[in-house]
Structures are given as structure tokens and as C-alpha cells.
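Chains as they are written, first to last, in the working numbering: chain S, 1 to 445; chain P, 1 to 237.
Quick caveat, the hints were computed from the structure, so don't treat them as lab data. Wrong hints could be hidden among the right ones.
Taking CB as the label site, the calculated pair distances span [claimed, not checked]:
hint	chain 1	residue 1	chain 2	residue 2	range
1	S	R432	P	A113	23 to 29 Å
2	S	A422	P	G32	52 to 58 Å
3	S	L176	P	R11	33 to 39 Å
4	S	G137	P	G146	53 to 59 Å
Cβ-to-Cβ under 10 Å is the rule here; a few derived chain P residues that face chain S [to be verified]:
hint	residue
5	A19
6	A20
7	L100
8	E169
All C-beta atoms in this analysis are idealised placements derived from N, C-alpha and C, irrespective of residue type, glycine included.
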Amino acid sequence: MRAALRLWWALARRQGPDRLTTGLAVLAFTAVTWALLTTLGGLRAFVDRAAVERTEPEPSGMAEVYVVLAVVAAALILVPLITLGGAAARLAIARRNARMAALRLAGATTGQVAGMAVADALAQAVAGALAGAVLYGATLPLVALLHFQGRAFAVGELWVGSWGAFALPAVPLVALVSALAALRRVAVTPLGVAARTGVKPLSWTRLLPLFVLVGVFLLAANGLLRLDAIVVLAILVASLAGAMWVFNLVGPWLISVLGRVVARRARSVPTLLAGRRIVDDPKAAWRSVGGVALVAFVAGVLSVSPGLAATGAEEDHLGVDIATGTAITLVIASLLAAVSTGVTQAGRVLDHAGEYRALHLAGTEVATLHAARMRETWIPLAVCVGGASVTALALITPFIDVLADEPVGVVLFVGSVVAGCALVLGGTAASRRMVDRAAGAAVPA
Amino acid sequence: MTATLSARDLRMTYGDGPAAAHALAGVDLDLGAESLAVMGPSGSGKTTLLHCLAGIVRPTSGSVTWQGQDLARLSDARRTVLRRSDFGFVFQSGQLLPELPAVENVALPLMLAGVDRRTATERAARWLDHLGLAGLEQRRPGELSGGQGQRVAIARALVTSPGVVFADEPTGALDAATGQEVMSLLVRSTSAAGAALVVVTHDEGVAAWCGRVVTMGDGLLVDDRRTPAAAPGGGLR
Chain S
1 MRAALRLWWA LARRQGPDRL TTGLAVLAFT AVTWALLTTL GGLRAFVDRA AVERTEPEPS
61 GMAEVYVVLA VVAAALILVP LITLGGAAAR LAIARRNARM AALRLAGATT GQVAGMAVAD
121 ALAQAVAGAL AGAVLYGATL PLVALLHFQG RAFAVGELWV GSWGAFALPA VPLVALVSAL
181 AALRRVAVTP LGVAARTGVK PLSWTRLLPL FVLVGVFLLA ANGLLRLDAI VVLAILVASL
241 AGAMWVFNLV GPWLISVLGR VVARRARSVP TLLAGRRIVD DPKAAWRSVG GVALVAFVAG
301 VLSVSPGLAA TGAEEDHLGV DIATGTAITL VIASLLAAVS TGVTQAGRVL DHAGEYRALH
361 LAGTEVATLH AARMRETWIP LAVCVGGASV TALALITPFI DVLADEPVGV VLFVGSVVAG
421 CALVLGGTAA SRRMVDRAAG AAVPA
Chain P
1 MTATLSARDL RMTYGDGPAA AHALAGVDLD LGAESLAVMG PSGSGKTTLL HCLAGIVRPT
61 SGSVTWQGQD LARLSDARRT VLRRSDFGFV FQSGQLLPEL PAVENVALPL MLAGVDRRTA
121 TERAARWLDH LGLAGLEQRR PGELSGGQGQ RVAIARALVT SPGVVFADEP TGALDAATGQ
181 EVMSLLVRST SAAGAALVVV THDEGVAAWC GRVVTMGDGL LVDDRRTPAA APGGGLR
């Protein structure tokens with residue numbers, strides 16, 4: 001393995017055309033680390049404020065509520081964080097096909113090639129983690145401008161401190177696990193990296209855990225009131241974790257159904273391509289929109305909180321703070337989704353550069369290729385985020401009077417949904433020039 | 001459509017100054033309704049000639065006339081539309097979209113030209129049937145053999161009833177026997193469809209399928225000969 005590492009180091013310094021994918025993967029790990037540290041720093045600030053409040057003569061207990069809400073927000077961001085970390089690691093592995101095959105042809109064993117690929121992913125994750133940590137430090141003064149509990153943060157409050165020692169290694173760890181998982185799905189032979197033939201459709205059985213979860217929750221809810229508070233909390237946390245898991249099981253299945261409907265009903269080439277690509281990889285489409293949809297739903301429901309919590313008292317900030325917090329969570333989740341979409345799309349363009357080129361040579365306008373890529377993102381985005389937002393707003397219609405009196409929550413919600421969608425679409429648009437380049441690769445003049 | 005593609009004093013230079021490379025150094029060529037093989041060693045200008053004839057690149061100087069218009073003077077957008085409507089292309093590999101089933105890959109140029117999806121799919125299915133791929137319409141490129149994939153590519157090249165089909169090493173990724181099958185099908189189908197065929201190849205066996213063989217060397221045509229090639233068969237519209 002030492003020989004493999006030496007060879008990896010020699011190759012790592014001569015990347016050539018792989019430099020772009022390396023840059024993208026490092027960028028993704030940077031975003032993951034920044035979001036992780038910023039979220040943890042925020043959580044720590046609320047924990048510290050609660051600790052200070054407990055020393056007061058008559059603690060109100062409100063600070064504890066903020067800690068619980070910050071934990072929930074961090075949990076909501078965790079899913080898109082891990083997803084993006086995984087996507088970045090897959091990018092690090094998948095784009096090395098030609099090199100891995102050439103190394104096998106030159107006599108490297110499968111283990112040596114795998115070792116080099118994992119070293120690639122790990123090195124990028126470490127570089128991204130360091131860059132993310134620097135970015136986190138640089139943006140602390142900006143984050144500190146946010147007002148919670150009626151006052152801005154001090155920069156020191158948002159310092160992640162010793163928690164960072166646990167959080168930073170988590171990024172390369174996620175990369176390592178994802179890289180190993182990605183390697184299991186390919187066979188590296190001297191003649192090339194085995195291509196996927198055929199797509200196994202996602203089974204409807206993915207829906208079963210949803211029914212099980214709902215059933216268990218209903219049964220548990222009946223007995224909840226008779227249980228100890230700690231047991232109730234444990235059940236609620238387990239339900240939340242289960243809901244996240246089920247959400248990520250059901251989401252891709254729903255997206256694949258959506259893709260099939262879009263492909264079947266498509267009348268134009270861009271829509272047909274978009275539908276087929278969604279069916280081809282519903283999990284990738286879900287990675288782009290799932291996290292944003294989840295947070296959009298939560299933010300939509302909580303947008304009513306400023307109105308409900310308004311008591312007229314000057315000190316009562318909880319309602320507005322909840323709306324602000326969910327809006328921030330939504331924007332961070334969207335930012336992560338945007339990077340995830342950008343990374344996935346960039347990887348796909350690199351993968352299919354040959355087909356793009358051949359299509360363009362045969363008379364397909366590059367605009368058609370761009371339109372297909374944008375539809376591939378905005379159709380699931382509109383359906384999932386739009387659906388989640390509309391459902392959330394439908395749930396809060398009984399409080400329409402409250403909303404009329406205190407519209408700040410809804411304004412924040414709508415604003416963050418629009419910003420979130422713009423970010424995700426921007427993630428797709430970012431690889432536009434790569435498509436231009438791929439399509440025109442054989443056209444030097 | 002009767003092919004009348006003419007190139008006059010075609011020159012293509014990459015780079016400038018002492019490092020300039022002359023891929024084409026003054027080529028004259030007339031193409032009728034025939035099959036033409038372009039041969040020559042690597043770097044002789046074969047693929048550049050194909051790209052200029054098909055309007056993929058603008059030559060540095062000279063003209064390429066197709067149906068009375070000089071491709072070298074058309075805008076990029078106009079040449080793109082023309083490639084789609086008047087020409088068909090078969091490459092060595094990597095031309096089929098992996099996420100689309102075979103029938104949709106073939107229907108693609110028709111849909112791009114504005115034909116409604118149902119009509120486009122029906123015509124595509126007829127072409128697949130004609131090329132011996134009945135029953136494989138819903139297979140995706142990854143589920144087809146190399147030879148089957150090239151047949152899908154031939155169907156896609158011919159589905160728009162083009163005037164000229166351009167093929168760049170169409171059998172380069174196939175074994176000898178499958179390559180012969182594919183060439184036979186390409187030559188017969190193109191001829192039956194009334195289209196001209198331009199095949200760039202370094203393989204004598206492939207060139208033997210064409211009625212005319214030109215050889216290139218250092219950016220010039222150095223040989224132009226007729227061969228007794230046979231291209232019987234039936235076409236489809």
C-alpha cells in the first residue's frame with residue numbers, strides 16, 4: 001500500500017483535466033464544513049445563553065426552549081450536510097475512471113487503485129474541511145449580526161470551541177465512508193470502469209416504513225400522556241429520526257414516479273430528456289431538492305409563530321426568532337442543496353461530455369441541452385418545494401387572522417423559499433459553461 | 001434528395017506563425033449520390049475534412065457548397081439547424097444518450113425538428129424494425145451490444161431522410177465480424193434512402209464497402225478511385 005500512496009502523491013501533483021472536479025469536490029467539502037461549524041457555533045451560543053440564564057435569580061426557562069429549537073434546526077441541516085458530503089466523495093471517485101483503468105492496465109491491483117481513489121477523496125475532504133474552517137472564522141462577524149432573544153450575538157458566543165475538534169474530523173470520515181460505498185458499486189478493470197447497464201426501478205416497498213412509522217406513532221401517541229417526560233422526549237426524538245429516514249426513503253421513489261410521468265407526457269425534447277434523467281437517477285434529483293423541501297415545510301408551518309407568540313410584550317421575541325431561525329435554516333439547507341446540485345450536474349456533464357458533443361455535432365442546439373438540465377432541476381424543485389410550501393400554508397390557514405396581524409413570518413418564509421429555489425437553480429446554471437465546452441469540444445473555430 | 005456537395009480549395013490551419021498546422025492544404029471534392037470512403041494515415045486531415053464538409057467547423061478559406069449555399073458563410077446557428085435537417089451522423093461511439101431508450105434516441109432529431117412525439121416515435125420504431133432491432137425499442141444504450149448500438153445510431157442518422165450521412169470510424173469500436181455487418185447495413189440503408197455517404201476510416205475492409213475511395217496525405221487528396229462496391233437493399237421513409 002505504501003507504493004500505492006507514493007504513486008498517488010506523484011499523480012496528485014499532476015492532475016491536468018481532473019483539476020476541475022477536484023476543485024468542485026473541495027468546494028463542496030468547504031461548504032459542508034462551513035455549514036457544520038456555523039450551525040454548531042449557533043447551537044453552542046444558545047447552550048451558553050441557557051447556562052447563563054440558569055444562574056439568574058428567576059430564570060424564565062425561555063433560553064432552554066431556544067436550545068431545543070436550535071437542536072431541531074441542526075438536525076434538519078444534518079441530512080443535506082451528509083448528503084452533500086457523500087455527493088462530493090462520489091464525485092472524487094467517479095471522475096477518475098480513465099486513470100483508474102489505466103493504472104490497472106499498468107499492473108496496479110484493485111486494492112492499490114481503491115486505496116488511491118480513497119486517498120483522493122480523503123485529501124479533498126481534508127482540504128475542504130480546512131478551507132471551510134477558515135471561511136467559518138471569516139464569516140463569524142457577519143453571522144453575529146443576527147438578532148436572537150432581542151440582541152445580537154457577540155463573535156465569541158458563536159465560536160465553536162472544543163466542539164470543532166469533533167466536528168472537523170467528521171467531514172473526512174463521511175468522505176471516507178461514502179468513497180468506500182461508491183467504490184463498491186464499480187468494478188475497476190484494466191479495460192475500463194464497468195458502466196452501469198439498465199436502471200433498477202425503485203420499488204414501491206419503500207413506502208412500507210412510512211405506514212409502519214405512522215402506525216407506531218399513532219399507537220405511541222395514545223399512551224404518551226401517561227409516560228414520563230423523558231420517555232416522551234425519547235419517543236419524539238426517535239420519531240423525528242425515523243421520519244427523516246422515511247422521508248429519504250420515500251422521496252426518491254416519489255421523484256422517480258414524477259420522472260416517469262414527465263417523460264411519458266413530454267412533448268418537447270428538453271422535457272423528455274429531463275424526465276428520462278430523473279428516472280435514470282431519482283436519488284440524485286432528490287439530493288437536489290429533498291433537504292430544501294423538508295425545511296420549506298417546517299418553515300412554512302412555523303411562519304405563523306410570530307403572530308401566535310405575539311403578546312405585546314417588548315421582551316417576547318420567540319415568535320419572530322422562530323421565523324428568523326427557520327428562514328436561516330432554509331437558506332443554509334438551500335445553499336447546501338445548491339452546491340449538491342452543482343456538484344451532481346457538473347459530474348454528469350463530465351460523464352456525458354461525449355454524448356453532448358455528438359448531439360451538438362448532429363445538429364442539437366446547445367440551448368436545448370441547457371433547457372433539459374434546467375428542467376431536470378426545476379421540475380422536481382417546483383413539485384417538492386412547491387408541494388411542501390403549499391401543504392404547510394394549507395395547514396396554517398386556520399390562523400389566517402393571526403397572519404394578517406403579524407405577516408413578518410410569512411414574508412420571511414416566502415422570501416427564503418424564493419432565495420432557496422434561486423440558489424438551487426443557480427447550482428445547475430453554474431455548470432452552463434461546462435456544457436458549452438463539452439458541446440463545442442470538437443469545434444475549434 | 002440528390003447529393004451535390006462540393007468543396008473548393010478547402011484550407012484549414014490550426015494555430016499561427018511557425019507553429020501553424022495545416023490540416024487541409026487545398027482540397028477540391030465533389031460528392032454525388034454515392035458512398036465515399038476517406039482514408040489516410042493519422043493526422044492526414046481526414047476528420048477535419050469531414051468536419052468542414054458537414055458544416056461542423058468553418059474552414060480557414062475555401063468553400064463548401066450544399067444545395068446552393070456556402071456552408072462556410074452560414075452562421076453557427078444556421079449550420080446547426082442544417083446539420084440536423086440535411087445531414088446524418090454516425091460516430092465511433094458515445095453518440096446515444098444513455099438515459100433514453102433506443103426508440104427515443106432515434107426519435108430525437110425528428111422531435112428537435114418539430115415533429116410531434118407520437119409521429120416521431122412511430123417513425124423511429126419503423127427504422128429500428130427495418131434495421132433488425134424489433135423488440136429492442138425500449139432497451140437503453142447500456143443494455144445493447146456494440147453492434148446494436150451502432151444500428152440505433154444508423155437509424156437515428158437516417159430517420160430525418162438526410163441528403164448526406166457522415167460516419168467517422170463507425171466500426172472502430174466493434175470486432176471485425178460485427179463491423180462488417182454494420183458497414184453492410186450502413187451502406188445499404190443509406191443508398192436505399194437516396195442519401196450520399198461519407199465514411200472516414202483507416203480500415204481497408206471498411207473502405208471496400210464504398211463505391212469511391214479518396215486517400216489523404218498532409219492535408220491534400222493524393223488518390224481518388226472508384227471501387228466495384230455493391231450496395232443493394234431496401235430503404236424506408
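**OP:** Look at the Cβ atoms of S:A422 and P:G32 and judge whether their distance stays inside 52 to 58 Å.
**Re:** holds, 55 Å
**OP:** Please verify that hint: P:A20, Cβ, nearest Cβ of chain S, below 10 Å or not.
**Re:** With a closest approach of 13 Å, the P:A20 hint is violated.
Original post:
Would the hint on P:E169 stand, with a C-beta cut-off of 10 Å toward chain S?
Top reply: violated, 13 Å
Subject >> Status of the P:A19 interface restraint (C-beta, 10 Å, chain S) >> reply: violated, 14 Å
Original post:
Range hint 53 to 59 Å: satisfied by the CB atoms of S:G137 and P:G146?
Top reply: holds, 54 Å
Subject >> C-beta pair S:L176, P:R11: status relative to the range 33 to 39 Å that was hinted >> reply: violated, 55 Å
**OP:** Note whether the CB distance of S:R432 and P:A113 lies within 23 to 29 Å or breaks it.
**Re:** With a Cβ separation near 25 Å, S:R432 and P:A113 satisfy 23 to 29 Å, so the hint holds.
**OP:** Could you check if P:L100 really has its C-beta closer than 10 Å to a C-beta on chain S?
**Re:** holds, 5 Å
In this structure, the hints that do not hold are numbers 3, 5, 6, 8, in rising order.
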